[in-house]
Every structure is written in C-alpha cells, then in structure tokens.
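Asks: Residue numbers (our numbering), protein chains in the order written: chain A, 1 to 241; chain B, 1 to 219.
If you're looking for bench data, these hints aren't it; they were derived computationally from the structure.
There may be inaccurate statements among the hints.
[Stated by the list, open to error] Computed list of lysine to aspartate or glutamate pairs in EDC-like fashion (alpha-carbon distance at most 20 Å, straight line): (1) A/K129 <-> B/E219; (2) A/K119 <-> A/D62; (3) A/K3 <-> A/E13; (4) A/K55 <-> A/E13; (5) A/K3 <-> A/D61; (6) A/K228 <-> A/E215; (7) A/K107 <-> B/D135; (8) A/K103 <-> B/D135; (9) A/K119 <-> A/E13; (10) A/K156 <-> A/D128; (11) A/K213 <-> A/E174; (12) A/K110 <-> B/E219.
[Stated by the list, open to error] Every beta carbon over 10 Å from chain A, so not counted as near; a handful from chain B, in silico: (13) I13; (14) G20; (15) Q73; (16) E115; (17) Y138; (18) W217.
Glycine is no exception: its CB is placed at the ideal position from the N, C-alpha and C atoms.
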Amino acid sequence: MIKITNLHKQYGELEVLKGIDLDVPKGEVLSVIGSSGSGKSTLLYCINGLEPIQKGQIIVDDIDVHASDTNLNSVRQNMGMVFQQWNSFPHLTVLENVALAPKIVSKLSKKEALEVAEKQLLHVGLGDKLTQYPSALSGGQQQRLAIARALAMEPKCMLFDEATSALDPELVGEVLDTIRLLADEGMTMICVTHEMGFAREVSDRVAFFHEGKIEEINQPEELFGSAKSKYLQKFLSKVKT
Amino acid sequence: MESASTYFSGFNINDLLYLGEAALRTLWISFWAISIGSFIGIFLGLALSISRVIAYTLGAVLDVFRSVPLIIQLVLFFNFAPIIGLRLNPFEAGLIVLIVYTSAYVANVARGGIEAVGDPMRRAARSLGMTYWQDLRYVVWPIGLRAVFPAWVGVALGVLKDSALVSILGYIELLKASQILMTRTQEAILILSIAGAFYFALSYPISYYATRLEQRWSE
Chain A
1 MIKITNLHKQ
11 YGELEVLKGI
21 DLDVPKGEVL
31 SVIGSSGSGK
41 STLLYCINGL
51 EPIQKGQIIV
61 DDIDVHASDT
71 NLNSVRQNMG
81 MVFQQWNSFP
91 HLTVLENVAL
101 APKIVSKLSK
111 KEALEVAEKQ
121 LLHVGLGDKL
131 TQYPSALSGG
141 QQQRLAIARA
151 LAMEPKCMLF
161 DEATSALDPE
171 LVGEVLDTIR
181 LLADEGMTMI
191 CVTHEMGFAR
201 EVSDRVAFFH
211 EGKIEEINQP
221 EELFGSAKSK
231 YLQKFLSKVK
241 T
Chain B
1 MESASTYFSG
11 FNINDLLYLG
21 EAALRTLWIS
31 FWAISIGSFI
41 GIFLGLALSI
51 SRVIAYTLGA
61 VLDVFRSVPL
71 IIQLVLFFNF
81 APIIGLRLNP
91 FEAGLIVLIV
101 YTSAYVANVA
111 RGGIEAVGDP
121 MRRAARSLGM
131 TYWQDLRYVV
141 WPIGLRAVFP
151 AWVGVALGVL
161 KDSALVSILG
171 YIELLKASQI
181 LMTRTQEAIL
191 ILSIAGAFYF
201 ALSYPISYYA
211 TRLEQRWSE
C-alpha cells in the first residue's frame with residue numbers, strides 16, 4: 001500500500017530524513033516513535049506530498065507521489081491525514097466541516113455530501129453535535145471531527161501526526177478509541193505517536209526513528225520487550241511504557 | 001456705493017439639492033475606489049503572503065502610497081499624467097489615485113487575514129485534496145475575512161472621507177460643492193454642518209451593516 005525507498009529529505013542544509021526504506025502492506029497499523037526532531041512528522045508530510053523530497057521514492061497505492069506528472073490533489077484524496085492541531089474550520093458547523101471536501105473535491109451533490117458527513121460523524125461518536133460550531137467542542141471532540149473529516153474522503157490509508165499530543169490528558173482516551181476503531185476495521189495507518197501504550201496495543205509493527213533513520217522496526221512485543229538498539233533502550237527508559 | 005450683500009445670496013432649497021447631488025458624486029467615486037481598490041488589494045495581499053522577497057519589494061512600493069499624503073499624490077499624478085500621454089479629467093485622475101491608495105491599504109489588511117488563517121489550517125485543507133484555489137476560496141477567504149473585516153471597514157470609511165481631497169483637482173464632490181456655496185452665501189457654519197451630516201449619512205449605513213454582519217458571524 002505504502003512503499004518508501006531510500007527517502008532523503010532536507011530543509012536547506014539540515015538533513016531530516018537520511019534514507020528511509022519502509023513497506024506498509026494493506027491493513028497494517030504502523031506506529032512511529034522516537035524523540036522530537038527525529039523526522040517522524042516530516043515522513044508523514046512527505047508521504048502526503050505536503051513537503052518535497054530530495055531523493056528516493058514514495059509509492060502509495062501504485063502511484064509515485066513525488067513524480068512530476070502526479071496530481072497531488074488526487075493522491076491526497078486517497079490519504080487521510082490528522083494533525084496535532086485539529087484545525088477545524090471555525091466558520092462551518094460540525095456537519096459542514098466534514099461535508100466540505102466531499103462536496104468541492106469529490107464533487108458529490110450537497111445531499112450526498114451531507115449524508116457521507118453524517119455517517120462519518122456517527123462513526124466517530126459525534127452524531128449529537130452535527131449543527132454545532134467547532135468552538136463549542138472540546139479538543140478531543142474536535143480531533144474526532146478532524147478524523148471524520150478525513151474519513152469522509154473515503155481514504156485508503158490514514159496518517160496520524162501526533163494526533164493526541166495537543167490534548168488534555170483526560171481527552172486522549174476518546175481519540176485513541178476512535179483510532180483503535182479504525183484499526184479494527186482494517187484501515188491501513190501510520191501513526192506518529194508518543195503514546196507507547198497505544199503503540200504497543202494497537203500496532204502491527206512499531207518503527208523507532210533516530211536521527212532521520214529507522215533505527216529499529218519490529219512487532220510491538222519484540223520492540224518494547226527486547227530492544228536491540230542502544231538508542232531505543234535509552235529512549236524507552238525515558239518514556240513511560 | 002452698493003452694499004456687499006448684493007454680491008452674496010442666501011442659502012436656499014436648490015443649494016440643498018446641489019449638495020445632495022455632490023454627495024452622490026462623493027458616493028460614486030468612493031464606491032468605485034473602494035470596490036476596485038479592494039479587489040486589487042486582495043490579490044496584492046496574496047502576493048505579499050506568498051514570499052519574503054515579494055513582501056519586501058512590493059511592500060516597500062505599497063508603503064510609498066501609504067506614507068505620502070493623498071493630497072500630494074493627487075496633485076502629482078494629475079499634473080504628471082499628461083506628460084506620459086494620459087489625458088484625464090479630474091474624476092478619472094482622482095479615481096485612479098484613490099484606487100491605488102485603497103489597494104495599498106487593503107493589501108496589508110488582506111495579508112493580515114491570510115496570516116490569521118495560518119499554515120497548519122491551510123495544510124489541513126490541502127491534505128483533504130483541495131487545490132490551491134479551493135483552499136483560498138473555501139478556507140482562507142471565509143476565515144480570513146472574518147478576522148480582518150473590521151479593519152477593512154475602517155479602510156473603506158477612511159477612503160470615503162479622504163475622497164474629499166479629490167476636490168482640489170476640481171471634481172465637484174461634497175466638499176468642493178460646499179466650498180462653492182460658502183463663497184456665495186458666506187454661511188460657512190450652516191453649509192459645513194450640512195456637508196458633515198451628508199458624510200455621516202454616507203458612512204453610517206456602512207458601519208451599521210458591518211456591525212450587523214459581524215454579530216451574525218459571531219453567533
């Protein structure tokens with residue numbers, strides 16, 4: 001589903017990704033962990049085509065994302081992305097937030113778009129908030145709204161960029177539950193996360209990033225139980241698992 | 001020796017109509033200056049927000065129009081236009097200067113609006129598959145407009161009043177008409193009060209509807 005070969009990414013002089021090879025098959029949930037600045041979020045931006053790359057290749061669903069003749073807008077329609085900041089559109093109701101992209105990007109009729117939106121909002125448990133504005137929602141609810149908004153485009157895979165980092169601790173659970181629900185439904189996902197418990201429980205595999213490279217990648221029991229890399233051991237000893 | 005009063009005649013109802021007609025000319029030149037100037041200003045603001053290089057170069061040019069007093073710009077342009085082969089009447093010359101002046105102010109307001117939306121929000125919009133223009137139309141425009149609408153209303157009201165300066169080119173708008181009547185009637189206080197009332201009558205609906213619109217948005 002997502003195949004990355006020898007990916008290099010630089011911001012000016014600073015090399016953020018130094019040769020990433022990664023293959024995420026359909027239906028897999030991959031968690032990406034690592035300290036800040038290790039290039040985790042940049043990887044997601046490159047997969048989504050929000051950041052240009054300098055070398056290598058990213059193939060998503062048989063399309064070379066960074067090829068010059070690729071229509072990024074249509075690539076992105078197949079890829080849902082949820083950010084650390086939920087970025088709900090403040091001028092639209094919850095229902096309109098979700099219906100906007102199906103209407104203008106997928107060109108659904110207004111009625112169809114609203115139906116899709118309502119379905120996805122029920123899916124993430126916001127069925128009772130349809131006519132409210134985002135400002136009336138909690139951070140956790142706004143993040144679930146962002147998930148519903150991405151799902152409404154019927155993506156083939158989902159990218160989560162530290163989706164719970166900006167949330168109050170008591171709201172983290174409801175968002176993780178929603179992501180877990182998607183995992184159970186077989187959605188292909190890459191989750192950049194600081195929630196080790198979540199990574200351990202939900203992921204099929206976990207990748208540990210260190211200084212722009214995948215230092216170690218394995219099934220969660222192996223990676224958390226018997227870490228080989230000394231950087232990973234050090235990282236795990238610092239975070240709560 | 002004749003009394004001075006024979007040179008002057010009192011204020012009458014026709015003069016009020018004359019002022020009303022002049023007020024319409026003020027409205028006319030302001031309407032076009034604000035409409036066209038805002039339209040151009042929005043695109044200039046977009047250009048300012050795109051790159052640092054454009055922000056510095058274009059920004060410096062726009063600063064000239066914001067810093068030099070409007071009255072000087074009017075006189076300079078009106079007198080230099082014929083040199084480059086432009087034959088303009090006072091209305092045309094005044095309108096062009098007002099458009100440039102308005103767009104220089106609106107450009108900065110628009111840039112503020114675009115910055116208020118912020119990159120993370122726009123990235124989220126793009127990640128949903130929206131094109132550059134869809135992002136501008138459906139996300140940046142509505143959110144940014146709400147953020148800077150009061151500032152834009154301030155610019156519009158300013159231009160409405162500053163249009164009085166076009167009078168020095170000989171365009172008979174509200175202020176010029178008042179001056180003509182003052183010379184004839186010698187009733188400066190009365191006429192300036194009426195002219196002030198006309199300016200207020202032109203401005204008040206704008207600020208009234210602007211406030212109503214803001215209230216509706218904040219609901």
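Asks: Next, verify each hint and record whether it holds.
Replies: Hint check results:
Distance hint between A/K129 and B/E219 is fulfilled; the C-alpha atoms sit about 16 Å from each other, no more than 20 Å. Taken as a hint, the A/K119 and A/D62 pair is broken in the structure, with Cα atoms around 29 Å apart against an allowance of 20 Å. This hinted pair does not check out: A/K3 and A/E13 have alpha carbons roughly 26 Å apart, beyond 20 Å. About 14 Å separates the Cα atoms of A/K55 and A/E13, which keeps this hinted pair within 20 Å; it holds.
Using a Cα cut-off of 20 Å, the hinted pair A/K3 and A/D61 holds, with the two alpha carbons roughly 9 Å apart. Taken as a hint, the A/K228 and A/E215 pair is honoured in the structure, with Cα atoms around 9 Å apart against an allowance of 20 Å. Between A/K107 and B/D135 the alpha-carbon distance is near 15 Å, which keeps this suggested pair within the 20 Å criterion. With a CA separation close to 13 Å, the supplied pair A/K103 and B/D135 stays within the 20 Å bound.
Taken as a hint, the A/K119 and A/E13 pair is broken in the structure, with Cα atoms around 46 Å apart against an allowance of 20 Å. At most 20 Å may separate the alpha-carbon atoms for a hinted pair to count; A/K156 and A/D128 exceed this at roughly 27 Å. For the proposed pair A/K213 and A/E174, the alpha carbon gap of about 31 Å is over 20 Å, so the pair is violated. In summary, the hint linking A/K110 to B/E219 is not supported, as the alpha carbons are separated by about 24 Å, beyond the 20 Å threshold.
The claim that B/I13 is not at the interface with chain A holds, since no C-beta of that chain comes within 10 Å of its own (minimum 49 Å). With 10 Å as the threshold on Cβ separation, the claim that B/G20 sits away from chain A holds: the shortest Cβ distance comes to roughly 40 Å. Every CB of chain A lies more than 10 Å from the CB of B/Q73, the least distance being 37 Å, so the non-interface label holds. Taking the minimum C-beta to C-beta distance to chain A, about 15 Å, the non-interface status of B/E115 holds against the 10 Å cut.
For B/Y138, the condition that its CB be more than 10 Å from all CB atoms of chain A is violated, with the nearest at approximately 6 Å. A beta-carbon of chain A comes within 10 Å of the beta-carbon of B/W217; the shortest separation is about 7 Å.
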